[in-house]
Amino acid sequence: MRDSTPTRPDAATSIGFGVGLRPVHFPVVLERAAQRALRVDWFEIISENFMIPGGRPLRILDEIRSLVPVVLHGVSMNLGSSDPLDEQYLDGLARLAERVDPPWLSDHLCWTGVDSHNLHDLLPLPYTEDAIRHVVERIGRVQDRLRRRIAIENVSSYLSYTSDEMTEWEFLSAIAERADCGILLDVNNIFVSAHNHGFDAARYVDAIPSERVFQIHLAGHSVQGSMLIDTHDHPVRAEVWALYERAIARIGRTATLVEWDDQIPEYDVLEAEADLARKKCDDSHSDRAQRRSSIGADA
Amino acid sequence: MTALVKLQRSLKQLIVAPNGVAAALAELGEPAARALEQSVSSDTRSSAVERLDVYANAYFYRIRDCLESDFGALRAVLGADRFHNLATGYLIEFPPRHPSLRFVGDRIAEFIDGHSEVGPEWLADLARLEWAIVEAFDAADANVVSRDELAAIDPVDWAELRFAFQPALTRLDLGFPVHRVRLAWDNDDPVATAVSQLAALDRGMHPMLVWRTDERVSYRSLDPVEATAVDFALSGGAFGALCEQLASALGDGEASNHAAALLARWQADGLIRGLSTMPPTPNATYP
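Chain order of the listed sequences is A and B. With numbering that gives the first Met the number 0 applied, the first sequence corresponds to residues 0 to 298, in that order. With numbering that gives the first Met the number 0 applied, the second sequence corresponds to residues 0 to 286, in that order.
These are calculated hints, taken from the structure and not from any lab test. Each hint should be verified, as a subset may be incorrect.
[To be verified] Here are the simulated EDC-like cross-link-like pairs (lysine to aspartate or glutamate), alpha carbons at most 16 Å apart as the crow flies:
1) Lys5(B) <-> Asp114(A)
2) Lys11(B) <-> Asp82(A)
3) Lys11(B) <-> Glu36(B)
4) Lys11(B) <-> Asp40(A)
[As the list claims (entries may be wrong)] Under 10 Å between C-beta atoms, here's a sample of chain B residues computed to sit facing chain A:
5) Leu6
6) Gln37
7) Ala57
8) Tyr58
9) Ile62
10) Cys65
11) Ser99
12) Val103
13) Asp140
14) Glu148
15) Ile152
16) Pro166
[Stated by the list, open to error] Here are some of the chain A residues that sit facing chain B, going by a computed Cβ distance under 7 Å:
17) Ile45
18) Gly54
19) Ser75
20) Leu89
21) Asp90
22) Ser115
23) His116
24) Asn117
25) Leu118
26) Asp120
27) Tyr126
28) Leu158
29) Phe198
30) Ser285
Computed from a prediction, not measured in an experiment: that's the story for all the values here. Glycine included, C-beta positions come from ideal geometry on N, C-alpha and C.
Using the sequences and the accompanying hints, generate a full structural model.
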């Protein structure tokens, strides 16, 4: 069931600021939630970690979901693979989506394996017209199966192909438009890939169709030799915050989430990062309002 | 074959190569290697091989770290280098097929069974026990039968009473008491003492139970009488027939007390999720 409305879901502008929910933070999140002392508005979970029959993770998910919205973020849909879509995987994801009723769900614009061999990584696609057609058709089938629009995320990449026919932002935008899906814009991934491939990150952000951006991701990265690696094990770097400010100035207030997956710090550190995103968003929009009002006064 | 399939198969071949991308390209030889290398862009920052190596390293280390987390005691026994080699061999023979990393270790015991060079004979049993613990952690939830429910059974129904066990229960038949190693590891004790005890043992019969109660995963060894009783009850045998079976092993005097004690323990451990006086059918459901 495709929704042909190109505008963003309401939650994209109203849901606020969140962090990735990780098992190490389950106790503190439950405690804060019970005291109504959470400083974040929502959580994002890695879908695959909850596509399980039972046990503690699902119990905690249900408890948290009863208090705040939860968005599903997958890593294994394998949208770009030449393998057939994994129907069993989609069945499991559909069951989880029914349980959680997320504002939207997302996965990555990439391939994660071929010939049923899962590489458990997010590999870039060649930016070609053939690949666009392939992915658009598959997103259509996923959205029909899940009866929801999904958002696709740009990945950090460490290689590109000599067969590329266009830029990554042209590729991402074309797929989102033709598949009528959302975009999960990861500004850290843009920064990392811009460094690794030598393109202009600002140009990427400026070219994305704003009305398709359901959500923004922020995360830290590491330096490894001449490359930047999307390790999710550091605070968000200053250059990525600057790119975020540029993105929200252009796109407007947008659901924003901080990811942290390795060397995970105390939960308060994640909330502080989400607070900072909220402040930057508020500042950006009060600046714009001020500019609009001073233009009005001059007129 | 479309260009996309060809490209993805070629990259996969390089990324999973156990000796790295450069060695895999060398093995391919010209002109296949040159064509493949030329499909990935190089620049002054990094060569195509260096770029592919980022994915090759991530593939191996991500999965090795996951295996280390699932097989903590096995990792403690083998040490870093031998566990690294185990992961390398395992990934060649059993590449990950499931979309979730949660299942990446599902065949590691089978791999160890087929590779005596990995270590002592009991290592595969340790892997089997640790995998059963992983499986119990997120197995389906079930309400379990309370002591009061058991006590409320009408005496006339006891002979035909059958039990449904909870889905997070696994019954293992191991050749060695490897739970001693896992127990040491669970208690943050060195595993060396338990390992040296195992080294002195020959293969025997060591039945085990692994299960989860609420959120706690437990495991314990079974004596032969309890193992037989559990298997009989798991297969749908009635309590009356179980008592008769125990009588032939223990004598009439002991049988009913022993059966009652076993049942009390199963209930206390939270193993029983349902009671029925009807013989099991393929689609039987219990309350």
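Comparing the hints with the structure gives:
1. Simply put, Lys5(B) and Asp114(A) have alpha-carbon atoms about 11 Å apart, close enough for the 16 Å limit, and the pair holds.
2. As the CA atoms of Lys11(B) and Asp82(A) are separated by approximately 13 Å, the hinted pair is consistent with the 16 Å bound.
3. Of the pairs offered as hints, the one joining Lys11(B) and Glu36(B) holds, with about 13 Å between alpha carbons and a cut-off of 16 Å not exceeded.
4. About 40 Å separates the Cα atoms of Lys11(B) and Asp40(A), which puts this hinted pair outside 16 Å; it is violated.
5. Interface restraint check for Leu6(B): the shortest CB-CB distance to chain A comes to about 7 Å, inside 10 Å, so the restraint holds.
6. Hint on Gln37(B) holds. Least Cβ distance to chain A is approximately 6 Å, under the 10 Å limit.
7. Against a cut-off of 10 Å between C-beta atoms, the interface hint on Ala57(B) holds, since the closest Cβ of chain A lies about 5 Å away.
8. Using the Cβ-Cβ criterion of 10 Å, the hint placing Tyr58(B) at the interface with chain A is satisfied: the shortest such distance is roughly 5 Å.
9. Checking Ile62(B) against chain A by beta carbon gives a least distance of about 6 Å; that is within 10 Å, so the hint holds.
10. Hint status for Cys65(B) relative to chain A: holds, with the closest Cβ pair at about 8 Å, below 10 Å.
11. The beta carbon of Ser99(B) is positioned within 10 Å of a beta carbon in chain A (closest approach about 4 Å), and the interface hint is therefore held.
12. At about 8 Å, the closest approach between the beta carbon of Val103(B) and any beta carbon in chain A falls short of 10 Å, and the interface hint on this residue holds.
13. For Asp140(B), the shortest C-beta to C-beta distance to chain A is roughly 4 Å, which falls under 10 Å, so the interface hint holds.
14. Taking 10 Å as the C-beta cut-off, the interface hint given for Glu148(B) is violated, the closest approach to chain A being about 21 Å.
15. With a cut of 10 Å, the hint placing Ile152(B) at the interface with chain A is violated, because the nearest CB-to-CB distance is about 27 Å.
16. The beta carbon of Pro166(B) is positioned within 10 Å of a beta carbon in chain A (closest approach about 7 Å), and the interface hint is therefore held.
17. For Ile45(A), the interface hint is violated, the least distance from its beta-carbon to any beta-carbon of chain B being 9 Å, above 7 Å.
18. Hint status for Gly54(A) relative to chain B: holds, with the closest Cβ pair at about 4 Å, below 7 Å.
19. Residue-level restraint check for Ser75(A) holds (minimum Cβ-Cβ distance to chain B is 4 Å; threshold 7 Å).
20. For Leu89(A), the interface hint is violated, the least distance from its beta-carbon to any beta-carbon of chain B being 10 Å, above 7 Å.
21. The criterion of a C-beta within 7 Å of any C-beta in chain B is not met by Asp90(A), whose closest approach is roughly 12 Å, and the hint is violated.
22. Against a cut-off of 7 Å between C-beta atoms, the interface hint on Ser115(A) holds, since the closest Cβ of chain B lies about 5 Å away.
23. Against a cut-off of 7 Å between C-beta atoms, the interface hint on His116(A) holds, since the closest Cβ of chain B lies about 5 Å away.
24. With a least beta-carbon distance of about 4 Å to chain B, the hint placing Asn117(A) at the interface is held under the 7 Å criterion.
25. Checking Leu118(A) against chain B: minimum C-beta separation of about 5 Å stays under 7 Å; hint holds.
26. Because the closest C-beta pair between Asp120(A) and chain B is about 5 Å apart, less than 7 Å, the hint holds.
27. Using the Cβ-Cβ criterion of 7 Å, the hint placing Tyr126(A) at the interface with chain B is not satisfied: the shortest such distance is roughly 11 Å.
28. Because the smallest distance between the Cβ of Leu158(A) and any Cβ of chain B comes to about 4 Å, under 7 Å, the interface hint for this residue holds.
29. Restraint check, Phe198(A) versus chain B: the minimum CB separation of about 11 Å is more than 7 Å; hint violated.
30. This hint is violated: Ser285(A) has a C-beta 40 Å from the nearest C-beta of chain B, more than the 7 Å allowed.
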